[in-house]
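In my numbering, the protein residues as written are 1 to 341.
Honestly, I wouldn't trust all of these hints.
Think about it this way: if two alpha-carbon atoms lie no more than 25 angstroms apart in a straight line, the pair counts; the simulated SDA-like pairs of lysine to any residue are [stated by the list, open to error]:
{"hint": "1", "residue 1": "Lys59", "residue 2": "Lys125"}
{"hint": "2", "residue 1": "Lys59", "residue 2": "Glu340"}
{"hint": "3", "residue 1": "Lys59", "residue 2": "Ser122"}
{"hint": "4", "residue 1": "Lys59", "residue 2": "Ala49"}
{"hint": "5", "residue 1": "Lys59", "residue 2": "Leu25"}
{"hint": "6", "residue 1": "Lys113", "residue 2": "Gln43"}
{"hint": "7", "residue 1": "Lys113", "residue 2": "Asn56"}
To be clear, the hints were calculated from the coordinates, so they are not data collected in a lab.
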Amino acid sequence: MPRSHCLPARSVVPRHFGFTIIELLVVISIISILIAMLLPAVQQAREAARMSQCRNNLKQIALATHNFHDVHRHLPHLWKTGGTTDSGRQPLMRLLPFIEQPDYDNNLDIRDKSIAMYLCPSDPKPEGAATTYCSYAVNAGDNNYAWAWFCPGGTDPSAFFYSYCDYFPSDKKYFNGLIDPTSSASGTARKGGMLIRFRDITDGLSNTFAFGERWGQVYNPDTGEISSGGVFTPAWTDTYATFITTTFCKLNHNLDTGASLDWNFSYWNAFRSDHAGGAFFAMADGSVRFINETLGGEDITLYTYPAGTEAASMGSVHPYPGSQLYRELSTRAGGGIVGEF
C-alpha cells in the first residue's frame, strides 16, 4: 500500500477588499474635475433653453401684434391720460385676447394674474414685485422720455404727469417708435397725435424694433445712478413711465444702484436683459433677433435733440447714449440706412 505523505496545513490569510485613503482621494479628485467640467455645460444648456423660451415669448407677442393690427387696422397704442378707462391701456394689455387670455375689461381676475408669456425665464422677479411683473416692453423709439419732463429754461412745471410736461412745445411731444401717446397729460390732443399702422413704418418692418427685453431700471442723470426705490417695477398692467422703453441708453448698460426715486428728475428706461452679450427683440415684421450689446460700437454721430430742449450737450442729457445704428433700429420713420446687423 503506497505510503501517503501528509502535507502540513497551509494557513490562509483573509484578503480585505476596499480603497486605501490615497485611492479614495484620487477618486474624489477625478469626480470633482468631471463635475467642474460638466457644470458649465449644464448651465449653458439651461440658459440655452431659457433663451429659446424667451425668443418664443417675443415671437408670440409679435404674432399677436400682427393679429391685433389685422382686426383693428392699427398697432396697440398707449394711454391717453392713464387710469383704468379704455384710454388707460398699454400694448401688452391690449394684446391679451390675442394670446388666448381673457380680455382685461371683461375679467377682473386677469388684472392680478402673472402671464407666463410676458416673463423671460432668465429674468428673476424682484422680491416684492407685483404678480403682474413683466419682462418685455414696447419700443418707444430713440427719444429720451425725459423730453417730456425737460422744460425750456429749466422751469419746473407746477405739476408732474406721467405723460407730458405741459410746458413742453406741443409739436415736440412724441415718441418715434411703435407707439405714440394720443394726448398730453392735460387732455389736449398733441399735434399729429396718431395711431401707428404698419404703413407708417417707412424704415421697414424688418429693420424696426417692436418689442424688446427690459428690466425697468430708472436712471437719474443728476446722480449718475439708478433708482432703487422699487416704485417703477415693470408690470404688464403698467400704463405709465416704466413701460416707455427706448434706445436712448446703451443696451444692457447697468449702473450701480443707490439713488432714491425723485419726481423731479429726468428719467428713461433702457432695454436690457439677463442674457449674456445682448437681448432679444421682436421686429415689426414678426421675426425675433438677438441684438448684440456692442451693436454700432461707440458711433453716436448725428445725435440730435428736439428743438426747445436747450440741451447744452449730449453728455448733459445722458452719459451713456445708444449708438446711432442701435437707435436707428428703433425709429419707425427716421430715414436712416440700416445694413447688416
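Evaluation of the provided hints:
The hinted pair formed by Lys59 and Lys125 meets the criterion: a straight-line CA distance of about 21 angstroms does not exceed 25 angstroms. Under the criterion of a C-alpha separation no larger than 25 angstroms, the hint pairing Lys59 with Glu340 is consistent with the structure, at around 21 angstroms. Our distance criterion of 25 angstroms between C-alpha atoms is met by Lys59 and Ser122, whose separation comes to about 16 angstroms. Our distance criterion of 25 angstroms between C-alpha atoms is met by Lys59 and Ala49, whose separation comes to about 15 angstroms.
The straight-line distance between the Cα atoms of Lys59 and Leu25 is roughly 51 angstroms, outside the 25 angstroms bound, and the hint therefore fails. For the hint pairing Lys113 with Gln43, the CA-to-CA distance comes to about 30 angstroms; that exceeds 25 angstroms, so the pair is violated. Between Lys113 and Asn56 the CA atoms are separated by roughly 20 angstroms; this keeps the pair inside 25 angstroms, and the hint holds.
Of the numbered hints given earlier, the model fails hints 5 and 6; all others are met.
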